[in-house]
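Participant: The task is simple: from the sequences and hints, build the whole structure.
Here are the chains, one letter per residue:
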Amino acid sequence: MATYPEKVDAAFIDSLRKYYTEEEIVELGLFIGFNLGYHTFFGSLKFYPMFSPDGRLVGQAESEKIYGAAPASLKPEAAE
Amino acid sequence: MTHVAPLPREAITDPEMLALMEQAEALGVPDDLFPRLVARAPAQAVPFMRALLMSHAQGNVDHRLKEIMRVLLARFARDDYFASLRSRKAAAMGLTEARIDAGCSSYETDPSFSEAEKWALRYADLMFLDAAQLTPDFYDQGKTYYSEAQILELGAFIAFHYGCDMFMRSMGAGR
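Residue numbers (the numbering used here), protein chains in the order written: chain A, 1 to 80; chain B, 1001 to 1175.
Honestly, I wouldn't trust all of these hints.
[What the hints assert, rightly or not] Below, a sample of chain A positions facing chain B; criterion: calculated Cβ distance under 8 Å:
(1) M1
(2) E22
(3) E23
(4) V26
(5) L30
(6) G33
(7) L36
(8) G43
(9) P49
(10) Q60
(11) S63
If you're looking for bench data, these hints aren't it; they were derived computationally from the structure.
Virtual Cβ for every residue (Gly too), placed ideally from N, Cα, C.
Facilitator: Here's what the structure looks like:
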């Protein structure tokens, strides 16, 4: 859905039925669609993790220093 | 025919879901295919329908502008299902098919669109075309037209509806 949506066709959905119920397939599709949209949106807002790697609650300025100008979670692929 | 069969309408008995479906029918977006499909996953169905309707038809940004953005996103996602639906509320407010088409293509050079409308349409255009252009300068420009609450409303609207577009495309809807 994210990279090659044209590959999600009837045959692909049929292949999912070997592992998942129809309810689960719909649940997965909604989950993926929701995350596709929101990760790109949140990525554009450039906010940083609330916690340091050792679990401390940190502010955005300190978090930016820890995680850098381009947080690892914001990979370029997320915007494509 | 979708890849996963939607539930028959009579199989949906949750009163809140039925009320949301009535709201959607009155609005025209979505028709009953989307709710009958998401009703396959009952725990997700009500929150998704509620969010879909709230983000589109409520809030503090002009509904007509959101309707143009919604169609723009659906066309970009190649989601024939949502691209074919139209808001009756927006039509009653004067939104025409010609303006939707202009908003989906030539808004940058069309003087009938305000600078605020152009920014919002650019926001929808760029989010999934080239999110790297959504820089702090881009957001600062947006703040000259909209409150921060309105910008977040627009961003969340774009993200949610694009996700729904990709879901319906993955289900083979509208083909």
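Participant: Indicate, hint by hint, whether the structure satisfies it.
Facilitator: Each hint, compared with the structure:
no. : hint : result
1   : M1   : holds (5 Å)
2   : E22  : holds (5 Å)
3   : E23  : holds (5 Å)
4   : V26  : holds (4 Å)
5   : L30  : holds (5 Å)
6   : G33  : holds (4 Å)
7   : L36  : holds (5 Å)
8   : G43  : holds (6 Å)
9   : P49  : violated (19 Å)
10  : Q60  : violated (13 Å)
11  : S63  : violated (16 Å)
In this structure, the hints that do not hold are numbers 9, 10 and 11, in rising order.
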